[in-house]
Amino acid sequence: MPLAAAQTVGTPVLNFAIFAFFVLVTLVIAVSAGGKNKSTTDYYAGGRAFTGWQNGIALGGDYLSAASFLGIAGIIALAGYDGFLYSIGFLVGWLLVLLLVSEPLRNTGRYTMADVIDMRMRAVPVRTAAAISTLTVSLFYLLAQMAGAGALVSLLLGVSSTAGQDIVVAVVGLLMIFYVLVGGMKGTTWVQIIKASILAAGAAMTTLWVLSRSGFSLPELLRHAAAASPAGAAVLGPGLEYGASTVSKFDFISLAVALVLGTAGLPHVLMRLYTVPNAREARRSVVWTIWVVGLFYLCTLVLGFGAMWLVGGKQIEAAPGGGDSAVPLLAYHLGGTILLGIVAAVAFATILAVVAGLTITASASFAHDVYASVLRKGDADPVAEVRVARITAVVIGVVAVIGGICAKGIDVAFLVGLAFAVAASANLPSILYSLFWPRFTQRGALWSIYGGLISSVGLIIFSPVLSGQASAVGAIGASLITDRHVDFAFFPLNNPGIVSIPLAFFLGWLGTVTDRNPADAVRFARMQVRALTGVGAERSTRS
Amino acid sequence: MALFQPARGSASGTGAVRPAQPMPPAMAMQPVQPVQPAQPAQQARGRASGYEAVRASRDFWTIRRRLSSFIVPACVFLLGWYFLYVIIAVFAPGFMRVSVFGDVNVGLCFGVLQFASTFAIAVGYRRWAQRRLDPLTDRLRRRLEGGRY
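Sequences listed follow chains L and E, in order.
Note that the numbering used here gives residue 405 to position 405 of the first sequence, counting from 1, and the numbers run on in steps of one.
One rule links them: number in the numbering used here = place in the second sequence (from 1) + 1000.
For reference, chain L alone in the conformation it holds in the complex (with noise of 0.2 Å):
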């Protein structure tokens, strides 16, 4: 294949055609599927009445996001082993959601990870703090999603006018802001589901197709890949990207910290746990969930290698996206327009359905944490509590088009890795702390989550990766503010995973222990009797 053609490969117009064939589709499903959503249940939790296997695959879909899909598979088309470490990150932490937080959070809670801290303790200031972790870690997250749009567009629209992508990035958000307002979560369910079918389809068949050229053998594609590699047989062990120097060891160390431990803190993973009847079916999701993002990533490694052998590392740098665009060049090497039509789809599927479910999640929040709870003290009307959640997920899309607008050019997975941090940091211990922690009181639910919240942006700010980074180093690009004179960094590690997370559970356990007003048994025993039984738990609202 020419070089020429990696700056826009393929046929656009095909590539259009069939994202807008998927966009079609997913909105007749949303529209049906939302005109039914009446209650707050309807619209914040699906009525509850997904099975175990929808929502588990439905899970997948909000976490495969193009960071997963793009990020990953280029990190390893580009530096081989050291983005498998990514993906081991990202599916061994699912085993804590399965172990320690499914079935307890559906039996607690009602719509938001706030509910579970509020069982242990009802406290406007503990609901708020959760409330702005939430909204805090869905914008990160949202954030770098928008950000994989742009680089993607130029690629596969042959869009590559800054203003032009910037349209298309408003062109998302406008359409995902639609799948929420209509769909609510039964909608933004079924999207996913779509989405996470025809995502899971399209790396098989790649894979298998990449695999065929190998003669079904892996130690061969991965001779191949070496041999293509100007690194050689070094990408086929870690340290290329993170084995530099101390620090990069270290602050890879803090990102499998974050990676392992962030799942269980992310909200939009969280909120989906409700939309099933029961904990059983909960337990049935996850483990589903389990398969589907364990045999991707699994995908993704062949796909990487398969890259960094037939499309090689350079073009893969030279092309628009970097390393996000080894996929579609790949898919493009092999298939065609055909087969880089389809990929191009399911990568902005991808992108559109994950935005989707993060708003879904935030204006959740804010509505039903902050409204109703905090601001009418509980007694708020159902449908005026819908009206503000649609009128929020609105104002987050905006805020996400135009966030996904000034942060183009950063490395997707490199910023899920820090809402991660975040995520992990700033709600992960007050779960865990009220769901298993009899003496956990209400300044130690403060304590860790402004504590984690605080420490985990703030040492970001302080970090490489807003200043003193002029240039790109090897796996750390540079810093968001490229100006060599300004840098006001003092953490040397860009993810303040190894220092926020532990310092938050800190921070918990010393909150806790000062307190003078101890927990309330009481509520303790209520909450852990329904945790393990599911007694008085919220229902389907179909059963």
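What the hints contain is simulated information worked out from the structure, not anything from laboratory work.
Ideal Cβ placement from N, Cα and C applies to all residues, glycine included.
Where hints are given, some of them may not hold.
As the list claims (entries may be wrong) - Only part of the chain E face toward chain L is listed, based on derived beta-carbon distances under 10 Å:
#1 Glu-1052
#2 Val-1054
#3 Phe-1070
#4 Ala-1074
#5 Cys-1075
#6 Leu-1078
#7 Ile-1087
#8 Pro-1093
#9 Asp-1103
#10 Asn-1105
#11 Gly-1107
#12 Gln-1114
#13 Phe-1115
#14 Ala-1129
#15 Arg-1131
#16 Leu-1133
To be verified - Ranges between beta-carbon positions, derived for each pair:
#17 E:Ser-1069 <-> L:Asp-487: 47 to 57 Å
#18 E:Arg-1142 <-> L:Ala-204: 41 to 51 Å
#19 L:Val-247 <-> E:Cys-1075: 24 to 34 Å
#20 E:Ala-1092 <-> L:Val-513: 14 to 24 Å
#21 L:Lys-377 <-> E:Arg-1142: 31 to 41 Å
#22 L:Glu-220 <-> E:Gly-1094: 42 to 52 Å
#23 L:Phe-462 <-> E:Arg-1142: 53 to 63 Å
#24 L:Phe-506 <-> E:Arg-1127: 28 to 38 Å
Unchecked claim - Simulated coverage check for chain E against chain L, where a stretch passes if three residues somewhere in it have a Cβ under 8 Å from a Cβ of chain L:
#25 1059-1068
#26 1121-1127
#27 1134-1147
Starting from the known structure of chain L, fit chain E onto it as the hints suggest.
Same frame as chain L, now just chain E:
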């Protein structure tokens, strides 16, 4: 952490009624222990609430102990196994590059084993919970819900 402690009446209540706690093992599986039905908020704080009595009951204690007997070792194992992998990848990359056969090295096998162990724990937990946990929680829930009328 609550899951790991033996059941005790909670310490906060002034004069909380401690239910008869260590029951003879033979009685443990008897259907109805005097568990008070779960009564929601109308119970004044400080009095023995229905929920505290349930929490202190033998059946509930069995559920908690059985659940923690799975999830505590599973979590310790999976986190230890995962961080062992990360630490070796970061500090001993040479070991990861040792060839097992051809271009397949230790690192790749180790990584694929992480996938395998994740699948195994997930499926194992689901099966275990269905067989060993769900019957107990179902029975207790039915009794608690039945106690309402």
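Results for each hint:
1. Glu-1052: Holds: closest Cβ of chain L sits about 4 Å from Glu-1052 (chain E), inside 10 Å.
2. Val-1054: Val-1054 (chain E) check passes; min Cβ-Cβ to chain L is 5 Å, inside 10 Å.
3. Phe-1070: 8 Å, holds
4. Ala-1074: Holds, about 6 Å.
5. Cys-1075: 6 Å, holds
6. Leu-1078: 5 Å, holds
7. Ile-1087: 8 Å, holds
8. Pro-1093: Hint on Pro-1093 (chain E): holds, closest Cβ of chain L at ~4 Å, below 10 Å.
9. Asp-1103: 4 Å, holds
10. Asn-1105: OK, holds: Asn-1105 (chain E) within 10 Å of chain L, min 6 Å.
11. Gly-1107: 5 Å, holds
12. Gln-1114: Because about 5 Å separates Gln-1114 (chain E) from the closest Cβ in chain L, which is inside the 10 Å limit, the hint holds.
13. Phe-1115: 5 Å, holds
14. Ala-1129: 7 Å, holds
15. Arg-1131: 13 Å, violated
16. Leu-1133: 9 Å, holds
17. E:Ser-1069 <-> L:Asp-487: 47 to 57 Å: 53 Å, holds
18. E:Arg-1142 <-> L:Ala-204: 41 to 51 Å: 43 Å, holds
19. L:Val-247 <-> E:Cys-1075: 24 to 34 Å: 30 Å, holds
20. E:Ala-1092 <-> L:Val-513: 14 to 24 Å: 39 Å, violated
21. L:Lys-377 <-> E:Arg-1142: 31 to 41 Å: 35 Å, holds
22. L:Glu-220 <-> E:Gly-1094: 42 to 52 Å: At roughly 24 Å between Cβ atoms, Gly-1094 (chain E) and Glu-220 (chain L) fall outside 42 to 52 Å, so the hint is violated.
23. L:Phe-462 <-> E:Arg-1142: 53 to 63 Å: 55 Å, holds
24. L:Phe-506 <-> E:Arg-1127: 28 to 38 Å: 36 Å, holds
25. 1059-1068: holds (count 4)
26. 1121-1127: Contact hint for the stretch 1121-1127 of chain E vs chain L: holds, 5 residues under 8 Å.
27. 1134-1147: Since 6 is at least three, the answer is holds.
Hint compliance for this structure: hints 15, 20, 22 are broken, all remaining hints hold.
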